[in-house]
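Chemist: Here is what each chain is made of, one letter per residue.
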Amino acid sequence: MSWKFPKLVPRSAPVILLILTLAAAVAFAAVSHLVSRFNANQQARGRKLYVQGLAAAGAARYDDAIAAFRAALTCDPANSQYQLSLARALRDSNDPRRLDEAESYLIALWQRAPQDANVNLALARVAARRGSIEDATRYYHNAMYGVWNSNPDFNRDKARIELIQFLLTKGVPDKAESELMALATALPPDPVSHLQAAQLFAQAQDSAGALAQYEEVLRLDPANSAAPAGAGEAAYRSGNYTTAQRYLRAAVNVIPENANSRQLLATTDIILNANPFQSHISDAERNRRITADFVQAEERLTECARRTAVNLNATPNPLASPLSTLQSRWTAVKPDLARLRSPAETALPDTIMDVVFQIERQTAAICGTPESFDLALLLISQKREAAGQ
Amino acid sequence: MSDLASTSNSPGPSPHPPLVRLQTPRRLFSTLEGVFHEEVFFLILSVFIGIFSGLAVVCFRLAIDWMHLALLGPLPQTHSWRLFAVPSLAGLVVAILVIHVFPGIRGSGVNQTKAALYIFNGFIPFRTAVGKFICAALAIGSGQSLGPEDPSLQIGAGIASALGRRLEISREKLRLMAPVGAAAGLAAAFNAPISAVLFVIEEVIGRWSAGILGSVVLSAVSSVVIVRWFLGSEPLFRIPVTTFKRPTELIAYAVLGIVGGLASVAFAKSIGYLRPRLRSLPRWTQYFQPALAGLLVGLIAFLGAPQIMGAGYDSMDQAMHGQFAWKVLAILAVLKILATTLSFVSGAPGGMFAPTLFIGAMLGGAVGDIERIFFPHLTGSTGTYVLVGMGVLFAGFLRVPMTSVFMVLEVSGNYEIIVPVIVANTFSYLVSRSLQTIPIFDMLTRQDGLILPSLEEDREEAILRIEDAMLPVPATILSALDYVDANALRVQDSADSIFLVRMHPSGWNTISRDQLQRLFQEGKGEHTLASTLPAQSLPSLYPDLPLDSALRYVNNYPLVPVVNRADSRKLEGVISRDSVFQKYGAQSSRS
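Residue numbers (this note's numbering), protein chains in the order written: chain H, -19 to 369; chain G, 10 to 600.
In short, the hints are calculated from the structure, not lab data. Honestly, I wouldn't trust all of these hints.
[As the list claims (entries may be wrong)] Some chain H residues close to chain G (C-beta under 10 Å, calculated; not the full set):
hint: 1; residue: Ala20
hint: 2; residue: Asp80
hint: 3; residue: Ser84
hint: 4; residue: Ala88
hint: 5; residue: Trp90
hint: 6; residue: Arg286
hint: 7; residue: Val290
hint: 8; residue: Ile346
hint: 9; residue: Cys347
[Unchecked claim] Calculated Cβ distances over 12 Å to all of chain G for the following chain H residues:
hint: 10; residue: Ile(-1)
hint: 11; residue: Ser12
hint: 12; residue: Ala48
hint: 13; residue: Asp72
hint: 14; residue: Ala82
hint: 15; residue: Pro132
hint: 16; residue: Gly151
hint: 17; residue: Asp316
hint: 18; residue: Arg321
In this text the structure is predicted, and so the values were computed from the model without any measurement. We put the beta carbon where it would ideally sit given N, CA and C, even for glycine.
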């Protein structure tokens, strides 16, 4: 068999180069046509596999999804959507060994489009899986300020909420709170969003922020059933017992079986009835409350001493139990109760209540968190202490 | 050009229309012909070779992908009958084509290209390139454990050779067409021009030659441009983050190099052992050898390791990202050695580059993971070891140490790992060289009855230099400024018959005792030697020059001065024909 080119090349360099250029152009066009047809076929095949992969990922069959996405990528290797989906499936497959591969796909995508919010969000989730606060925060921020193809405001808030939840899980409420502040200012007038923000504020132990968000929910949707309970609890945690009582009553009215609200309401009621420093109460009422609190403190002390087998009558000394010391102080102050009615004894209520608060704090430390009246006294003491600071 | 000079030099406004319009096409061509002398033409031709080779390799890769999809499907599953049926049947077809239609396309193609350069004056039948394209695409696409790079190299060389022959270029240039095309084909296949150029120089040409370097580079670059135009500039693998922090970790990479060297030897020896034995079997068995190899490779895949089929780049990519446990990596490395040996020795056309990278990748990952079990403080990731492992097998099995280093760097685009790569590759190369004296490509050519030059052998060969054959500075050196009778007196007591004469102001000459006496007898005793000797000085040599360079002088001059490079008037010794031949004789009797 003979394989020969037709003899058409004259021995002239310019002519040869001209013919070669023409031949190269023709070959280039032919290969272009071939490649584009091949690529079109491959892309069609890739799309089919991609759809299979999406279905498998949707059903949490990640191994099947990964195989399908990989096959789709062999058909269309440069397709960033396939790469992103494969990276997500690798990440979500709960196999730590696959995180590296997921990350390398995402990094490659990120290098091509660093502003892509979806890629940054996926990278943030990989970093979150690894527990890297710094990387996750950076990528979540990139996602928030990146380019979203649709619904940018909603997606940005969602990304920020995800970051806040991640930070709260990792035990960094300070960072979470600063993100919450930013979130709160940009939230749309939507009760659902504000309710979610309120819950996050509560998780971040920012009761004032939570209360503000719950109140916003109630402003936007006065019939909201979850907001009164949340607002009541937030007000209770922030020591705003009058407000707490109002919201908790509303919550119990809306959902009577809400045990938490009922318990908080009961404690709130006691606080509001037992607090001698409450404004707008008469002197007689104040003295009554002080006396009742003083008696209750002694009962708590005795009960705690009994549970811990401490003899309260022992002579106070540096080695004695703190409960004995408190008993001595309580005994020493007891005669002063009689002088409460005297207008000249302006510092006496503080002195007496100081003993009460010391007893409640110390017994809480030794015998655990109290209930009912003692819990109310403990909370009053904490509020008083916070106000003093 | 004369038209151009006269026109441009004429003062004032030109009476003629612009130059280009003046020239007829024929005159323009004749002007251009003057510009395109052979060297320039060869360089331009290299670009075209690169373009055509690049286009051919693009089609070759599409053909492999298409075959793979058509025959095995986009996602080969284990325990599918297709895994062993397809390579077996395709092997049968390939065998028939190789035996009846395209003889001479067996194997990788590197040696055939080298043989074209050194034996066949650059001749590679175009039919071979076509056959290689079809059969290699079928073999690799059907799952034989072979790679597309070496066939791409031969396809490029075949195109270049055919083009050179058709254009009737000189025999000297035609001989160089094959390596130029080979570089283009390999660069296109690997998407790595530097590695391709180095490989062609290390393995195909076998020596550094400035004359061809430009053409090889031009063809490699132009073919890579074409491939990137059509297939994109994505690297073969997604490179993971690679790290190298502590110099003490080099010990771990040295261990990888040693293991890689041993694996290279096992791989090379298994091919070296099986290939001649299978070839010596009756001719009718050759119809079934590729089919049997395909069946065995398919069975390995069927039983749970489909990763070993074809080139295996996807699996390398996954290994690089820690997708396999070390046991799986080690098993895949062993199975790939087995599968590639079977596929290659069966005569199925296909290359060993990709399988070598695969084995190295798996071995590197396995060794790295095992090392990290015992030494958890090692910071190198699995991906780093996989990358280094690729170079290790390349250096140990193909015995191309420079290409192996640059290949890893070019593929990874990461220079952080250059030190681990160099260390591991060096160990692998040394271990392989000490246990397997003959490199794989040389072994294959010798099995085929050919002896081709090898750069490794050249490197090993001790080079004789001028200083090795140099005689000491003669006791009697005459001066050209002295009179003939004074010089004659000076040589009276000397045992030598030829004397070196120091010329003024520089240079050397020689005169024999007889010549001197004759001058004296002719009454020229009061003449200076300078006036009686020819004005032209002797050539002088330097001690570090190869001894071969003395050969062109020693036949014409009885003594050749050897001078210092820093001071050419300072004589280091002399060279004579006898001293040169004695040295060559002594060396050949030693070897």
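Chemist: Could you run down the list of hints and mark each one as holding or not?
Modeler: Going through the hints against the structure:
1. Because the closest C-beta pair between H/Ala20 and chain G is about 12 Å apart, greater than 10 Å, the hint is violated.
2. Of the supplied interface hints, the one on H/Asp80 holds, with its beta-carbon coming within about 5 Å of a beta-carbon of chain G, less than 10 Å.
3. Evaluation of the H/Ser84 hint against chain G yields a held restraint, the C-beta minimum of about 5 Å falling below 10 Å.
4. The criterion of a C-beta within 10 Å of any C-beta in chain G is met by H/Ala88, whose closest approach is roughly 6 Å, and the hint holds.
5. Of the supplied interface hints, the one on H/Trp90 is violated, with its beta-carbon coming no nearer than about 13 Å to a beta-carbon of chain G, more than 10 Å.
6. Violation of the interface hint for H/Arg286 is found here, the shortest Cβ-Cβ separation to chain G being roughly 55 Å, above the 10 Å cut-off.
7. Hint status for H/Val290: violated, given a least beta-carbon distance of 52 Å to chain G, over 10 Å.
8. With 10 Å as the threshold, the beta carbon of H/Ile346 stays out of range of chain G, its nearest partner Cβ sitting at about 46 Å, so the hint is violated.
9. The closest approach between the C-beta of H/Cys347 and any C-beta of chain G is roughly 47 Å, which is over the 10 Å cut-off, so the hint fails.
10. With 12 Å as the threshold on Cβ separation, the claim that H/Ile(-1) sits away from chain G is violated: the shortest Cβ distance comes to roughly 10 Å.
11. At roughly 7 Å, the least C-beta separation between H/Ser12 and chain G is not larger than 12 Å, which violates its mark as non-interface.
12. With a closest Cβ-Cβ approach of about 7 Å to chain G, H/Ala48 is found to fall inside the 12 Å limit, against its non-interface label.
13. With a least CB separation of 16 Å from chain G, H/Asp72 remains clear of the 12 Å interface cut-off, as annotated.
14. Non-interface status of H/Ala82 relative to chain G is broken: a Cβ of that chain comes within 12 Å, the nearest being about 9 Å off.
15. The beta carbon of H/Pro132 is kept farther than 12 Å from every beta carbon of chain G, the shortest such distance being approximately 29 Å.
16. Residue placement check: H/Gly151 keeps its beta carbon more than 12 Å from all beta carbons of chain G (closest about 27 Å).
17. Distance to chain G confirms H/Asp316 as a non-interface residue, since its nearest Cβ pair spans about 68 Å, more than 12 Å.
18. Every CB of chain G is more than 12 Å from the CB of H/Arg321 (nearest about 75 Å), matching its label as outside the interface.
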